[in-house]
Amino acid sequence: MTKHAHDLDTLDAIYDELAMFEAEHGTSTPQQKQIAQRVKTRVEARLAELRRNLLPAADPPMRLRPIRPSLLALGRDALLAMLEELRRTRAVQYAHCNLQGLSDDDLRRLIELLEE
Amino acid sequence: MPADTTSLDAGEEAKPVFAPTPEWLAELTKQLTDELYAKATRYATLRAQMVLKAGADIDVDDLVEDAIADTLDGTLVWDPAKCPLWFQVKFAIRSRTRHAYVRAVHKERVSLHPHEASRVRSAAETALAARDEEDRHARELATELIEALRLLAHGDRDAQLLLDAYDAQSFTPQEVMATTKMSTKRLRNARLRLARYRQRLPAELQRTARPRARGTKS
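First to last, the sequence lines map onto chains A and B.
If you use my numbering, the first sequence corresponds to residues 1 to 116, in order.
If you use my numbering, the second sequence corresponds to residues 1001 to 1218, in order.
For reference, chain B alone in the conformation it holds in the complex:
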């Protein structure tokens, strides 16, 4: 990708400025279809639910727009020859919601234990404690989600097998097929039914991102 440099103070290292080529821009425009916007919005809506469950709010508009804008301005490097734009956008949304979730869990922890920060602890101890908290919260949430889905999928053998696979930390279709011995078609149908069960989750688990005024990101 062609790069340019800006004027700098003495001793400062030059940072390349992203300058897209016409070919790069044409490829991006070609892949930036209405369908991609729709898919990214549906993906971001569900990912935002994870953050909401940690007590924070995140704007679906911002998630989708930032993922594309960060690619446009070169903050996120995209090579059209290496990955489709949809994967790039999805990855950016996944990464940002994961970080937002972790931040929200930490924030909640500090507000619940305001005096803990004053204790003398090494950086490693602090990091480990934070990681424990993330895992504890995530464990509770994942368990709650899977158990709720299990209840809804009662009597649906393949959906239960799929949840068993999640329990066994198998997530990719290949891993799930290896764990459950399901065919591609059976797996697809089980995932479809599980997605429908998810839509029937109780309100506290099914919470969707609330529309709100822009510029009030938490």
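Only chain A is shown next, with the shape it has when bound in the complex:
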């Protein structure tokens, strides 16, 4: 027989003691492993959100300057000739091997960039 009266605090402490020992020295059942994995997945999602919130806000999108009228007046052949001239005289380099993939406006922007 027990010698002392128990109350809620006693029950709470007994379960805490048993649960603590199980936590520290027990082995997880397959069901407990599944629970731990499920909780981890959900917590990781929350953590990722918190980390995103800590990132600095992105810069506002850059607005391009209007293309100058003298370049707008030139046709594609003239633009390609101008690029070739820039490449030859100013020793500039650009990554586009095949300029056919660029629109006329792309060529105009490229020229502006190289002339800066």
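Rather than coming from a laboratory, the hints here were simulated on the basis of the structure.
We treat Cβ as the ideally placed atom computed from N, Cα and C, and that holds for glycine.
Be aware that one or more of the hints could be misleading.
[Said to hold, decoys possible] To be clear about the criterion: a stretch of chain A counts as covered by chain B if any three or more of its residues have a C-beta under 8 Å from a C-beta of chain B, and this derived list gives those stretches:
#1 7-21
#2 26-37
#3 100-113
[Said to hold, decoys possible] Within a straight-line C-alpha distance of at most 25 Å, the following computed SDA-like cross-link-like pairs (lysine to any residue) qualify:
#4 K33/A with Q1199/B
#5 K1082/B with Q31/A
#6 K33/A with A1056/B
#7 K40/A with D1061/B
#8 K33/A with R1157/B
#9 K1030/B with L54/A
#10 K40/A with E1035/B
#11 K1185/B with E1140/B
#12 K40/A with F1091/B
#13 K33/A with D1061/B
#14 K33/A with R1096/B
#15 K33/A with D1066/B
#16 K1181/B with D77/A
#17 K33/A with A1069/B
#18 K40/A with T1033/B
#19 K40/A with T1075/B
#20 K1185/B with S28/A
#21 K40/A with Q1031/B
#22 K33/A with K1082/B
#23 K1030/B with S28/A
#24 K1185/B with R42/A
#25 K1030/B with A1069/B
#26 K33/A with L1072/B
#27 K40/A with D1057/B
#28 K1030/B with R42/A
Since the structure of chain A is already known, use the hints to place chain B on it.
Chain B in isolation, oriented as in the chain A frame:
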């Protein structure tokens, strides 16, 4: 911890919004290991048994997740310099299961005595009656648990001494060692054996939390 405030109606007091620092988040991430998830789940499973014994159901998933989530959103304040994350999580689970147990006992009492609420009683009388009911239920459950463990630990002197210590309301290792005069090693072995006896408890005392559909919390 840095705080921010939200827009409020006139006269309403500003409530700080929790905003973790990168250092705080890094420390939390460092301590939130697979081992912590496993330990918290094992701890919560056993604590859930206490609530189940009061006739209510509680989801182990929710217990562990809420303990961590409440820390993440600042509902539970955690200072890494003052306590390890594991203690914080354990405390949250312990607190929630204790409250769930008390709620379950009250619910059971109301369903057993549906007309009692209509009696004219002071708030103090009501609170005392509720506390008596909690203690009566807890007393019965603790006695049942200890007696069942005593039967299983028959012939195991140190395990019996450990149960004597629980009877005497000594729970921390220091208190138990002072009560039983056991060495640290003997105490550890006795606790280990008691944990094994607990696993052999009859089904009605050994009930584990049932897996069930999420979102059906009682």
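Results for each hint:
no., hint, result
1, 7-21, "holds (count 15)"
2, 26-37, "holds (count 8)"
3, 100-113, "violated (count 0)"
4, K33/A with Q1199/B, "holds, 18 Å"
5, K1082/B with Q31/A, "violated, 33 Å"
6, K33/A with A1056/B, "holds, 23 Å"
7, K40/A with D1061/B, "holds, 10 Å"
8, K33/A with R1157/B, "violated, 34 Å"
9, K1030/B with L54/A, "holds, 17 Å"
10, K40/A with E1035/B, "holds, 11 Å"
11, K1185/B with E1140/B, "violated, 31 Å"
12, K40/A with F1091/B, "holds, 19 Å"
13, K33/A with D1061/B, "holds, 11 Å"
14, K33/A with R1096/B, "holds, 22 Å"
15, K33/A with D1066/B, "holds, 17 Å"
16, K1181/B with D77/A, "violated, 99 Å"
17, K33/A with A1069/B, "holds, 19 Å"
18, K40/A with T1033/B, "holds, 9 Å"
19, K40/A with T1075/B, "holds, 19 Å"
20, K1185/B with S28/A, "holds, 24 Å"
21, K40/A with Q1031/B, "holds, 13 Å"
22, K33/A with K1082/B, "violated, 29 Å"
23, K1030/B with S28/A, "holds, 22 Å"
24, K1185/B with R42/A, "violated, 39 Å"
25, K1030/B with A1069/B, "holds, 16 Å"
26, K33/A with L1072/B, "holds, 22 Å"
27, K40/A with D1057/B, "holds, 22 Å"
28, K1030/B with R42/A, "holds, 17 Å"
The structure is inconsistent with the numbered hints 3, 5, 8, 11, 16, 22 and 24, although it conforms to all the rest.
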